[in-house]
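Start from the sequences and build out the full structure, keeping to the hints where you can.
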Amino acid sequence: MSIDRLLTTVLQLYQDVHDDARTEQLFGSTAALLANLSNPLNLSLLTSQLLIAPALWGRRDGMRTCYRIVSIFNTAAIHVRRNELESAKDKGQPRAGGGLGSDAWAAAVLKGADDQSGRWQHLLVFSGVLMGMESGQRHSLSSSMRATVERAVVTATNLAVRSREPEPPAPSGPVALALNYAFPLLSESARAGLDCDALVPVATRAMFGGDGLQDGLFLASIDQDVRQSEQKFMWSENAPSHLHLQQLEQRPLISGLGPLSTLLAHVVQHARDSSVVLQLQDDLVAFTARLLQHWQASKLSELDISEEDLFLTPETLQTTWPGLWQFLKKVMYAIVAVLQSIIARSLLDRHLRHPTVAPTVATKTLHALRNLYFISSRNGSDAFQVYAFTYLTSLDTLSRHGPPAAAFLRSILPPSAASTTIPPHPLHRTLDLFYLNTAEHLPLHLPPHDCEALIIQPATTYLTTPSTPLSSNQMTTTRKTMTPLFEAAHSAVLACLSCPHNAPLTAALVPFYADALFASFPAHISPRQFRLAFKTIIQILSPPFAVTWEQAELGETLLEMVRFRVRGAGRGVLPQGEGEGEGQEVSEQSVLVLTLVDALPFLGVGIFEEWMGLVAAAVGEVVGERLREGVRRRFWEVLVSGEMDVERAAIAAAWWGTKGGREAVLFGKGVGQYHQQQQHQEEEFMMSGALHVEEGRESKL
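74 is the number of the first residue of the sequence shown in my numbering; add one for each residue after it.
Do not take every clue at face value.
Unchecked claim - List time: in silico DSBU-like cross-link candidates among lysine-lysine, alpha-carbon distance up to 35 angstroms:
| no. | residue 1 | residue 2 |
| --- | --- | --- |
| 1 | K403 | K437 |
| 2 | K305 | K402 |
| 3 | K403 | K372 |
| 4 | K437 | K402 |
| 5 | K305 | K372 |
| 6 | K162 | K184 |
| 7 | K608 | K732 |
| 8 | K402 | K372 |
| 9 | K403 | K305 |
| 10 | K437 | K372 |
Don't read these hints as lab results, they were simulated from the structure.
Below is the structure:
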């Protein structure tokens with residue numbers, strides 16, 4: 074069939090709605106015509122009729138049709154450029170395809186986008202042309218024509234997203250879809266022309282609406298398909314909710330969730346009206362809250378990560394379960410990327426950094442991150458730079474404002490704070506972990522009564538660890554899942570104790586906390602956390618902290634408690650934990666001695682030299698040469714690394730060189746024993762030729 078006859082046939086087929094097979098054939102014929110028409114007028118006519126064809130737009134296929142429009146213009150543009158290059162190589166041969174050059178072809182297509190169709194439909198065409206001509210380092214268009222196509226994309230976008238009464242608003246999904254492909258190809262000057270104020274709500278609706286994440290309803294439908302099989306939960310890969318999740322992942326906006334979040338982050342940073350940014354943040358908080366609510370209502374949320382192998386069927390563990398978390402992580406990354414742009418703007422925007430607005434922005438961001446914490450806390454999913462910047466910057470902003478910080482902590486205060494009982498539900502423990510990690514950063518500007526009620530009391534739940542199993546639902550919970558909670562509680566309490574304005578509270582709390590610290594190690598906290606906590610307590614109880622004068626001898630008492638525990642402490646090597654030095658083996662006994670070594674730089678001058686000798690003696694009690702050698706290296710590091718001030722360093726140097734410190738640490742000889750040995754050597758060894766004077770004899774001279 075000739076090209077002209079095919080064009081006539083296709084234009085006739087455009088007028089009626091067809092079945093799926095005929096529609097697919099129609100798309101293929103259209104793509105062939107776009108690549109092979111030689112008359113620019115026919116090309117413009119085809120484009121114009123394509124955008125109003127009932128055969129395509131009357132099927133109500135929504136985003137599928139939009140995606141096909143972008144696809145066929147992208148494919149046609151690639152073929153036109155390929156034909157142009159082949160014709161340039163073989164100039165004596167007939168020109169391949171329609172014979173139009175890239176610039177002429179693009180100009181003809183642009184003319185076909187007329188007033189008969191919507192601006193958002195024009196955007197689909199322009200994006201397909203730009204992508205086909207310029208993506209993949211093709212650079213098919215001249216600089217002037219590329220600038221023309223980019224201006225067409227920007228103009229169509231702005232006209233589509235701006236409200237024009239009485240016309241209905243443009244659908245957000247197609248606009249976001251087209252920009253997903255076109256935005257990375259736009260120059261900076263072209264991007265500057267986008268109406269970011271109008272684009273923010275459109276991109277937001279596209280991300281969370283029916284063409285996107287559907288307000289998180291995909292998570293709510295899972296619980297209906299979870300069945301119990303042989304005392305295990307089964308979520309079949311043929312379940313409707315899983316099939317729906319797979320279909321959702323294949324949708325253009327979901328598969329392009331990363332580029333969509335990049336687009337949204339750009340328009341957030343360049344919007345002129347800060348109110349649209351605040352509204353976007355409200356939408357993010359609302360979406361994440363619904364996501365958390367749907368997950369909490371699911372049976373699967375009752376499983377701790379350590380219990381999954383016990384209570385999930387093999388099919389679920391291998392197929393549906395990993396797929397769900399992979400999808401949720403993708404959602405989390407997209408939302409955090411947008412939150413990061415909001416926080417970054419709040420540092421520069423004079424409206425958002427106002428003292429009355431900045432704490433609110435930080436608080437809402439932390440609420441959103443808390444809602445996502447059941448995802449981000451899983452297997453270190455929050456260990457990426459964008460998350461760290463968003464979280465820590467929000468904390469830094471909020472920590473400077475006491476009343477908003479206290480209000481935020483009250484709004485997310487764990488229910489377990491009142492009962493002092495570790496919650497049995499894994500999700501509640503996960504939220505407790507977020508609370509404790511966050512509260513650790515906020516006590517500096519909180520009054521003592523708020524520190525006690527909002528930080529110390531909730532943390533006490535995880536300080537007074539029970540000797541019996543936590544509950545029947547926690548029997549299989551491993552050290553890996555519970556240790557972060559215990560350590561977060563200790564860190565939160567230490568943060569409160571370290572604040573100078575909490576001196577009265579510290580004086581009353583230190584004895585209780587020290588007892589809890591000794592009871593927690595090594596069963597519930599890591600060696601690193603124990604050493605850090607004890608060193609912090611000794612530092613608090615040493616000058617210049619105000620509490621020193623109220624508890625003058627408490628620090629030395631705690632040191633004595635550690636020293637007396639050394640001899641009866643466990644000698645076995647402790648399991649390696651996250652954050653521990655690679656290859657550094659420690660036992661309970663060696664950790665206690667390392668704790669004494671860590672505390673030396675903070676001891677009072679009056680007891681410093683005495684404790685140097687006591688700690689040196691404790692080094693010799695460590696069982697195991699490798700463990701003892703690690704303690705010796707740490708002792709030497711404290712002496713030479715600059716951890717001590719000038720006065721203590723001078724005392725330590727004299728002790729090491731002239732008072733037997735070196736021998737005590739390296740060879741296990743006590744300082745007193747060293748002095749006796751030196752005196753004995755002086756009596757035993759004399760200069761050759763000297764007269765030996767017997768005891769009791771006196772010279773007659």
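Structure versus earlier hints, numbers of those that do not hold, lowest first: none
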